[in-house]
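Those sequence lines, one after another, are chains U and Y.
Numbering-wise, the working numbering puts 55 at position 55 of the first sequence, and it's gapless, one number per residue.
Numbering-wise, the working numbering puts 163 at position 163 of the second sequence, and it's gapless, one number per residue.
Treat the hints as calculated values from the structure; they're not laboratory data.
From the three backbone atoms N, C-alpha and C, an ideal C-beta is built for every residue, glycine too.
Any given hint could turn out to be false.
[Claimed, not checked] Below, simulated DSS-like cross-link-like pairs (lysine-lysine); rule was C-alpha separation at most 30 Å, straight line:
#1 K104(U) x K24(U)
#2 K92(Y) x K146(U)
#3 K155(U) x K119(Y)
[As the list claims (entries may be wrong)] Residues from chain Y that keep clear of chain U, each with C-beta distances beyond 10 Å, as calculated:
#4 K28
#5 F32
#6 R58
#7 A64
#8 S79
#9 A135
#10 A153
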Amino acid sequence: MKSEPSNSSEAISHSSPPIHQDGKTPVEQFAGEELLYRRYLSEHFVDGNLLPASFRFPKQSFNRSLFSKPEDVLHPHCCDGMALFKDGWGVLECRVSALPSPVKAADGGSFVFSPKHAPEATCYAHSELWCKNDLSVANEYDYPPKSVRETFRIKMARVMSVRIPAVPNQEKK
Amino acid sequence: MPCVSELTNQIRDLNPIGGLGSALSVSKEDDFFRQQFRIMRSSSKFLEHQCHFELLERSLASLASLPQGWDSYDSQPPSATTVCSALSFLRKLYSAPLVPSSIVPSAEGGVAFYFFSGKRNAYTEFRNSGELVLALYDHETEPIVPELSSSDADEIRAIELLRSYLA
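Produce the entire structure from the sequences given, and follow the hints as far as they go.
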């Protein structure tokens, strides 16, 4: 994973708020070059590696870059009112084309992961990663077996890079 | 696990500098200090190991007080039962001996032990659901996710798999 220089948390906190939904409908198409942003805790970044422990199933949340700045994922409007412009939190990113998909199951089946635009009232960019069994025709989320879930978490941790580094929370040290 | 202060006292008893008699010859003094140096060196490694496990034990115990949604994505904190299972596993690792690099809360709801050994990594997770998960992985090849139950025997098997993968 690579780290990039970023704005200070103070500068971030004074930037414009995230785009609100305001009646806008979802935009289904994601370009391969589009970025997905996600916040992370400093505890989940050890020795230069993001830990798979930072992901859970189902429907991992992201902000899509078409309607979001990286720092929006730390804004209260995009995290249920919590103010996360402080030590201990950072922002990750990955390209849509880098998403680890498909992931093969032990029984030979295959699961496809793709982003789905799921706007929220104060966070239009909100999106989720959906999982589909490649044999399934229904438009529903398919909960994958354990081997697929763990493989996906590990591969997601490999492809996410740091956009805004999390400064370790001094109070916890 | 014996506490650090007990071990420090044991080392002090092993090192009777004040009682060193003037009748000792220079070569005997030399041998004595060489021996003491060897004891101290091995003891300090042991102490270091001890301290690391005590820190891990404390950080593990603290995970029980995390709030709901601690990761801002609505994840559950590790339950008291899960933390107890993880503490029991930590004691097995201490006896193995196999040292985890880090213990963190898992977004899946539980406790995760991480092991980093050069290019090879691994984790075990104790989930609030009662599930035990083991994953062995590097930066290139397909991860290995063995099927494990949450039985005591499979915890021992997980340690054996960890040891052989990380060796």
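Taking the numbered hints from earlier one at a time, note which ones the structure violates and give those numbers from smallest to largest. 1, 9
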